[in-house]
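2 protein chains.
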Amino acid sequence: MTERKNITIMGAGLVGSLLSLYLAKRGHKVDLYERRPDMRKTLLDGGRSINLALSDRGFRALRGIGIEEEVRQVAIPMHGRIMHDEEGRLTFQPYGKEGQFIYSVSRAGLNAALMDISEPNPDITYHFNRQLLDLDLHQNKATLRNHETGETESLEAELLFGADGAFSMVRNAMQKTERYNYSQSYLEYGYKELTIPAAEDGSWQLEKNALHIWPRGNYMMIALPNLDGSFTCTLFFPYEGPLSFENIKTDDDLLAFFLQAFPDVVALMPDLAQEYFSNPVGTLVTVKCFPWSYKDKALLIGDACHAVVPFYGQGMNAGFEDITVLDQMLENFDGDWEKLFHAFERRRKPDADAIADLAVLNFIEMRDKVADPRFLLRKKIESKINQQYPDKWIPLYSMVTFTDLPYSYALETGRLQDEIMQKVMKHIHSVEDYEKPEVQKLLEKQLIQKERLKGYQGQRV
Amino acid sequence: MTERKNITIMGAGLVGSLLSLYLAKRGHKVDLYERRPDMRKTLLDGGRSINLALSDRGFRALRGIGIEEEVRQVAIPMHGRIMHDEEGRLTFQPYGKEGQFIYSVSRAGLNAALMDISEPNPDITYHFNRQLLDLDLHQNKATLRNHETGETESLEAELLFGADGAFSMVRNAMQKTERYNYSQSYLEYGYKELTIPAAEDGSWQLEKNALHIWPRGNYMMIALPNLDGSFTCTLFFPYEGPLSFENIKTDDDLLAFFLQAFPDVVALMPDLAQEYFSNPVGTLVTVKCFPWSYKDKALLIGDACHAVVPFYGQGMNAGFEDITVLDQMLENFDGDWEKLFHAFERRRKPDADAIADLAVLNFIEMRDKVADPRFLLRKKIESKINQQYPDKWIPLYSMVTFTDLPYSYALETGRLQDEIMQKVMKHIHSVEDYEKPEVQKLLEKQLIQKERLKGYQGQRV
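Protein chains in written order, with our numbering: chain A, 39 to 499; chain B, 39 to 499.
Simulated from the structure, these hints should not be mistaken for laboratory data. Possibly wrong hints are sitting among the right ones.
Since copy identity is lost for identical chains, a pair holds within one copy or between any two.
To be verified - Subject to a maximum C-alpha distance of 35 Å in a straight line, what follows is the list of computed DSBU-like cross-link-like pairs (lysine-lysine):
1. 430 <-> 63
2. 326 <-> 387
3. 287 <-> 214
4. 464 <-> 417
5. 422 <-> 333
6. 407 <-> 67
7. 474 <-> 335
As the structure is a computational prediction, the values presented were derived from the model and not from experiment.
Build the full structure now, drawing on both the sequences and the hints.
The structure is reproduced here in structure tokens:
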């Protein structure tokens with residue numbers, strides 16, 4: 039048992055709230071400081087519920103504190119993607135094997151649930167309406183604005199975790215230290231959230247158990263189901279150019295565009311114009327940085343050290359996996375926090391970089407490739423390979439979504455498999471071609487080579 | 039002739055001073071603001087002269103204002119690298135063909151010369167001791183500290199150029215605008231400057247017309263000649279680890295290390311310990327950002343938008359080439375500064391990224407590969423290919439250093455050539471092997487393929 043610490047967590051979002059439970063379980067006293075008011079009280083007056091994709095890595099972290107099933111009860115399984123073409127025709131593509139789903143969960147609902155579970159713990163205290171203004175890392179002295187009193191408060195943290203998201207102020211303080219590696223990179227796309235409300239009888243107006251995509255090459259819309267029968271749609275759209283946020287200025291522009299691009303759902307979006315012109319355009323940023331820690335004083339976690347774009351549905355899952363990894367390390371902890379922080383950031387950085395890159399790549403797949411029959415045929419062939427060689431071949435999407443293999447391993451292996459698929463697909467014109475002897479022979483040969491390469495890579499790890 | 043503008047340049051370093059001449063030549067009025075005092079006055083009281091590598095791209099920009107030959111007079115040609123091994127044995131590797139040199143120039147001397155040439159121009163005014171504290175880009179309103187009076191001044195710039203270096207305050211203001219792409223990335227190496235003074239008779243104690251390298255795998259020292267007979271040495275050394283800045287703490291540590299690593303020059307460095315322990319450790323940063331401009335108000339140039347590590351000797355040259363490119367664009371300028379800035383940053387960004395990446399890669403070559411006989415053999419073979427096929431093959435180093443081919447083209451072509459060299463070198467064990475029929479045949483075939491690939495790439499540009 040290591041010394042009990044007074045731990046400060048900046049940010050009571052998903053990662054901060056879950057982390058508090060893990061740290062309290064290890065015997066520490068935890069104080070969380072959150073800029074916003076208590077969302078459980080403000081939820082009531084009707085913030086629109088935004089949803090996120092929760093998958094195996096996320097569930098694993100929830101399992102660790104025994105709330106996996108509880109969350110699964112209020113999550114909606116999505117069995118695959120349903121693609122909507124310009125004529126409103128649908129194509130279904132399963133995410134994984136039979137029984138492998140990802141889940142749509144309400145961000146606010148999950149966050150509130152984590153707060154409800156942690157707040158009764160006598161070792162966990164939430165402080166809302168506290169905005170971090172300044173952090174002196176040398177003394178771990180934080181200056182906060184108390185938005186209830188309007189006063190400035192200060193505190194000295196014994197140990198500080200920065201779980202304060204993509205625009206982290208804790209990271210901001212680290213950025214001012216010497217030789218800090220930092221990058222922020224924006225896509226030339228923004229996003230806007232829109233709603234397909236529930237039908238009058240409360241039912242879902244599109245297939246409930248799927249993630250819907252309207253892939254349009256240069257842009258796309260997606261929709262995820264909510265528990266209340268509605269869907270939250272997200273339009274990913276260029277900032278500038280012929281078809282872009284910049285060029286949709288009037289209700290007429292908007293309607294003409296939606297009728298052309300998303301004709302099958304316009305009728306399902308009664309508040310389209312009102313929502314479109316009042317909701318903000320969100321930015322899509324990737325943040326990478328290193329190190330993630332400052333001496334034995336502070337550690338970043340989640341989006342604060344690896345904000346990713348949302349196209350792999352892994353943002354929250356990666357943040358939760360940080361907690362799983364940290365907790366494993368705490369299992370054999372010798373009391374040296376600086377050593378722990380260094381080991382954690384070194385272990386986790388390659389995986390954070392990998393999921394950041396995978397997420398950007400998946401945007402191209404989602405908005406463009408999923409509309410291509412060749413791409414869908416390829417996905418079917420990959421699934422057949424996976425069935426035939428379950429130990430030797432897991433499709434990239436499945437490695438990321440349904441396993442706990444390191445993201446960096448998934449990225450590398452995905453590249454090898456991509457090379458093989460390019461060779462194999464030259465011989466494939468229909469699903470049946472998979473059984474052709476030359477395909478089987480080629481695949482066998484390629485798999486042997488791949489195993490050899492993987493063995494070689496294994497040595498490098 | 040476009041409208042005469044009042045132009046403000048932040049930073050009167052090499053790029054700012056040269057830029058002022060080009061802009062004045064185009065009919066504009068230029069004011070330069072520089073944080074430091076006038077270096078021509080402070081030079082007198084003995085700052086050590088640091089030298090830089092000046093090569094074709096830099097000379098081209100100097101030629102544009104007619105001072106190429108003037109600068110060449112006070113620059114020292116370096117014909118190649120002289121490698122010093124642990125036993126003090128020397129190996130020479132020429133930089134290019136007969137007559138192709140790079141030049142060692144004094145940074146302060148060149149900067150002072152540019153000031154001397156520009157200051158008499160009635161359209162150019164220097165303001166020293168003015169530190170930019172804050173910049174409101176919307177109004178182009180700058181707040182400066184006047185270090186002579188201690189007062190704060192403010193000015194509104196009609197048009198602003200940020201030539202204020204790697205830690206640019208103008209860029210800092212741009213970083214606060216929406217969706218700004220930015221990265222700073224440090225090597226885990228620092229550098230320290232040391233001196234080999236002139237001999238008593240004023241002569242150089244090492245071969246004057248060369249860049250000296252002590253490549254030691256994980257670290258290295260280099261030395262460039264100065265006009266006064268001295269050499270400025272730079273030790274590139276890890277911050278941490280068994281052999282590192284961290285672990286050299288005493289005069290004894292230092293001497294033991296230098297005697298083992300650089301035995302042939304210890305006797306030439308009488309002030310080694312004094313210099314080592316009083317000179318600061320410099321950091322090695324790569325800065326990338328985008329965009330480089332803000333509306334029609336401000337444009338970054340030089341290190342301010344593309345700081346690179348020094349290992350390709352191209353930092354100043356790339357900044358000077360910015361000016362050449364900008365001046366070409368001003369030739370056909372229609373008066374729309376915003377359009378000009380956008381065209382400039384789009385044209386120049388891929389080349390800035392390329393030289394940044396090349397510079398990092400060249401560190402590995404310099405500290406490690408140049409000590410490898412296979413590497414030197416390969417350089418000789420490449421030079422033979424270049425002689426035989428002067429139109430089809432220019433070694434990467436020569437493209438970067440002795441041509442005005444875009445850096446991005448050089449990087450890409452260098453990669454293709456690298457693949458070919460790997461194949462060719464399998465058949466080469468001595469320079470004579472180059473004439474072997476199978477080598478000649480292989481090379482011919484590879485060159486045809488390369489031309490085809492280059493044609494294809496050409497289409498993409």
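Results of checking the hints against the structure:
1. In this assembly of identical chains, residue 430 and residue 63 lie within 35 Å of each other by CA distance neither inside one copy nor across copies; the values are 38 Å within and 67 Å between.
2. In this assembly of identical chains, the alpha carbons of residue 326 and residue 387 lie at most 35 Å apart whether taken from the same copy (9 Å) or from different copies (21 Å).
3. Only between protomers do residue 287 and residue 214 lie at most 35 Å apart by alpha-carbon distance; the minimum there is 27 Å, versus 41 Å within a single protomer.
4. In the homo-oligomer, the alpha carbons of residue 464 and residue 417 lie at most 35 Å apart inside one protomer (14 Å), although the nearest pairing across protomers, at 40 Å, exceeds that limit.
5. Taking the shortest alpha-carbon separations for residue 422 and residue 333, neither the intra-copy value of 49 Å nor the inter-copy value of 53 Å comes in at or below 35 Å.
6. Proximity of residue 407 and residue 67 under a CA criterion of 35 Å is satisfied in neither setting, with 49 Å inside one chain copy and 53 Å between copies.
7. In this assembly of identical chains, residue 474 and residue 335 lie within 35 Å of each other by CA distance neither inside one copy nor across copies; the values are 61 Å within and 64 Å between.
Violation of the numbered hints given earlier is confined to hints 1, 5, 6 and 7; the remaining hints are satisfied by the structure.
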